[in-house]
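Below are the chains, spelled out letter by letter.
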Amino acid sequence: MSQALDDRSESIRMIRDSAGAVAPRDGDTKRVRALRFVEPGFSRDVFAEMGALGWIGLAAPEAAGGSGLGMSEAVALTEELGAGLAPEPLIPAMLSARLLAAAEDKALLGGLLDGSKVVLTAWQEKADSIAVPGTGDAPRMFIPQAGGADAFLLPVREGNRIALVALEAAGSDLVLEKTMDGGFVGTLRADLSRGSRIADDVGAVVEQAIDEAALATAGHMLGLMEKAFELTLGYLKTRQQFGRIIGTFQSLQHRAADLKIHVSLTRAAVESAAAVLDDGATGAVRQAAVSKAKHRAVESGMYVLRQCIQLHGGIGYTDEYDVGLYLRRGMVIMNQYGAAALHRRRFMALAPEDVE
Amino acid sequence: MAVSIAPKETADLSAMEDEAFRAHVRQWIEANYPSELRNPPKRLHWDENKPWYFKLAEKGWLCPGWPRQFGGLGLAPAKQIIFTEEVERHGCARTNDHGIVMVGPLLINHGTDAQQQEFLPKILNGEHVWCQGYSEPNAGSDLAALRTEAVLDGDDYVVNGQKIWTTLASDANWCFLLVRTDKNAKKQEGISFLLVDMATPGITVKPIINLEYHDEFCEVFFDNVRVPAKNLVGTPNRGWDMAKALLSFERIYLGSPRLSAYAFARLRQLAERMGVWEEATFQDTYGRLRLDLEDLKSLYGTFVDKLRRGETLGADVSMLKVFQTELFQRITDTMLEIAGENAGLLEPMEGNRNLNPTGQYIQARPATIYGGSNEIQRNILSKNVLGLPG
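So the protein lines, in turn, are chains A and B. So for the first sequence, the UniProt record's numbering puts the first residue at 1; every next one is plus one. So for the second sequence, the UniProt record's numbering puts the first residue at 1; every next one is plus one.
These are calculated hints, taken from the structure and not from any lab test. Among the hints, erroneous ones may be present.
Just a few of them, taken from the derived set where beta-carbon distance is under 10 Å, the chain B residues facing chain A [as the list claims (entries may be wrong)]:
1. F264
2. G287
3. L299
4. Y300
5. T302
6. M319
7. P389
Heads up, the beta-carbon is just placed ideally off N, CA and C, and yes, glycines get one too.
All chains, please: the whole structure from these sequences, using the hints.
Now the structure itself:
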């Protein structure tokens with residue numbers, strides 16, 4: 001038991017260390033800033049590096065070419081990448097890898113896992129929903145960083161089942177919109193006759209994969225809030241007004257203490273949910289754990305991020321100063337894979353109460 | 001070790017598997033705890049909770065964390081946590097436990113053999129009921145400013161001054177007291193720890209009626225009270241660090257989700273009774289509180305895991321006290337908001353103690369004040385955890 005725990009914390013530590021290759025620990029945002037609003041909004045080279053490091057297949061089984069690790073490692077990784085503001089669509093790629101592994105599609109999966117091909121899943125048909133109706137002719141919306149995709153995966157309903165169709169990105173009707181953080185989301189109007197059907201029924205897998213993406217996104221939010229809070233603490237310890245370091249003012253100290261509590265609550269919620277998934281939970285227990293974590297990450301994350309702007313004063317409202325980058329990214333991811341209210345409702349519907 | 005007290009419990013609880021131990025503890029508590037005292041709305045007095053104290057004492061389970069040679073159970077942290085979880089799960093009232101959680105550990109770590117021999121057995125048999133003489137009228141949050149003075153006169157210290165907010169002092173026959181023994185030193189460096197018999201001439205106890213109309217707290221006056229010098233614990237003028245170490249117990253205890261969890265379950269019963277349970281606005285509020293409670297449990301779990309691994313908790317445990325007590329208040333605030341005119345009733349609604357919005361609301365008020373106010377906890381977090389400047 002404790003040996004297993006030690007191994008686990010060791011693999012998590014190694015994942016965190018390796019994240020430094022892409023998300024520099026010193027908080028250098030030059031790379032991130034240079035990619036803003038330049039299509040596709042991320043670096044293909046860095047995406048390939050993520051593949052080479054085994055991150056895209058982090059949770060995919062080793063037999064399918066993945067690393068066979070779990071959600072505890074995945075949230076540690078997405079936290080580090082959130083802290084480093086990496087714009088690469090790693091979480092959507094992990095989702096696609098999950099589907100391709102289930103479909104046993106070796107060709108597409110191989111290219112995705114090694115990072116040479118960007119495969120994104122076009123599952124979403126309306127805003128503020130994590131449902132996958134699989135409507136054949138419905139435009140697929142809010143595909144993160146879609147301009148960089150080589151291929152799309154589309155869940156398509158056939159009777160009671162959800163088949164999976166793969167489609168070349170080249171020649172597709174794809175419309176991009178800019179996002180607040182300098183990235184892009186795409187709306188795809190797919191011509192399914194151009195695609196190839198690669199699995200008969202991925203209905204259950206796609207639901208699980210979206211939950212994993214929601215939890216990984218909660219990890220990304222945790223990274224954003226940690227780093228923005230670190231910057232803010234640094235500012236409170238150096239900025240002077242009225243002849244004093246502003247961090248000596250008690251109202252600001254108490255605000256900082258509250259932000260610390262929210263960061264800690266989020267870490268506890270995210271890491272405990274990852275442990276629930278790694279213990280093999282299924283069904284309602286698994287979904288409730290994910291909803292609990294995503295809800296906390298959004299509620300506490302956005303509170304911390306906007307307070308970090310406030311505590312910086314005017315400089316926090318400039319594009320030049322880095323703290324705003326974390327708020328912008330938070331705005332983009334907060335409602336991806338389900339807003340706080342959606343997850344709160346789902347948690348309440350799923351989780352039995354422990355009434356004495 | 002010169003002192004040895006035979007442990008009462010002879011079964012080797014340490015050798016049991018965790019889940020078997022949990023079942024064993026649960027079964028015994030259910031069979032022996034008085035059902036009418038589960039989840040009491042007020043802190044119980046000694047005459048109400050002593051039957052339970054003596055049951056535990058007789059079983060040898062009074063002091064799960066004390067070493068066996070001092071009459072405790074000598075349980076490892078993981079089993080102590082299980083024990084506490086079961087006590088809380090059943091809603092057992094807190095006893096007059098200052099001897100168990102404060103004086104015992106203090107003497108085991110810092111007491112002389114004679115002090116250990118004299119006092120520990122009397123905690124275990126319930127002969128001594130202790131109270132904690134810390135706060136003073138002008139030394140509350142700023143505890144180190146305390147001025148109750150002890151001056152050496154022959155073999156005795158002579159104590160003069162006043163303590164306040166002394167929990168259940170009217171029940172106690174002994175008091176562990178922080179006193180100033182050096183008025184010229186820096187304020188933290190002139191404080192000593194004295195053990196005082198409450199029957200000593202010159203001590204007056206006056207209960208304070210609080211917002212619950214309850215007399216849980218007292219004022220204690222000391223007028224030329226003679227305390228034998230052998231009752232000083234540790235080194236003279238070095239009492240502050242020992243006092244602070246004992247307070248860390250309170251911060252994890254007060255951060256336990258049990259008060260919030262109990263109130264939350266009552267909130268649902270109240271909402272159903274008031275007919276607002278199905279309302280969307282209530283459901284949203286309820287959902288937020290529910291997730292706050294669940295996430296508090298997750299955070300609490302991370303601290304409990306540290307204890308289980310035998311680690312010492314740092315100053316960051318203050319987070320739990322802040323969040324738990326403020327959640328407890330938000331839950332009970334919501335009770336009043338939905339209770340209609342029942343929000344003004346003194347007694348539980350319809351004679352049903354599960355429908356007691358006012359009792360819960362009032363009980364939640366001091367939670368953000370006692371055990372170091374939440375403002376002090378935030379000071380601790382900002383200075384000791386976040387490193388913000390003075």
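Status of each hint after checking the structure:
1. With a least beta-carbon distance of about 9 Å to chain A, the hint placing B:F264 at the interface is held under the 10 Å criterion.
2. For B:G287, the shortest C-beta to C-beta distance to chain A is roughly 5 Å, which falls under 10 Å, so the interface hint holds.
3. Hint status for B:L299 relative to chain A: holds, with the closest Cβ pair at about 4 Å, below 10 Å.
4. This hint holds: B:Y300 has a C-beta 8 Å from the nearest C-beta of chain A, less than the 10 Å allowed.
5. Restraint check, B:T302 versus chain A: the minimum CB separation of about 5 Å is within 10 Å; hint holds.
6. Taking 10 Å as the C-beta cut-off, the interface hint given for B:M319 holds, the closest approach to chain A being about 5 Å.
7. Taking 10 Å as the C-beta contact cut-off toward chain A, the hint placing B:P389 at the interface holds, the least distance being around 5 Å.
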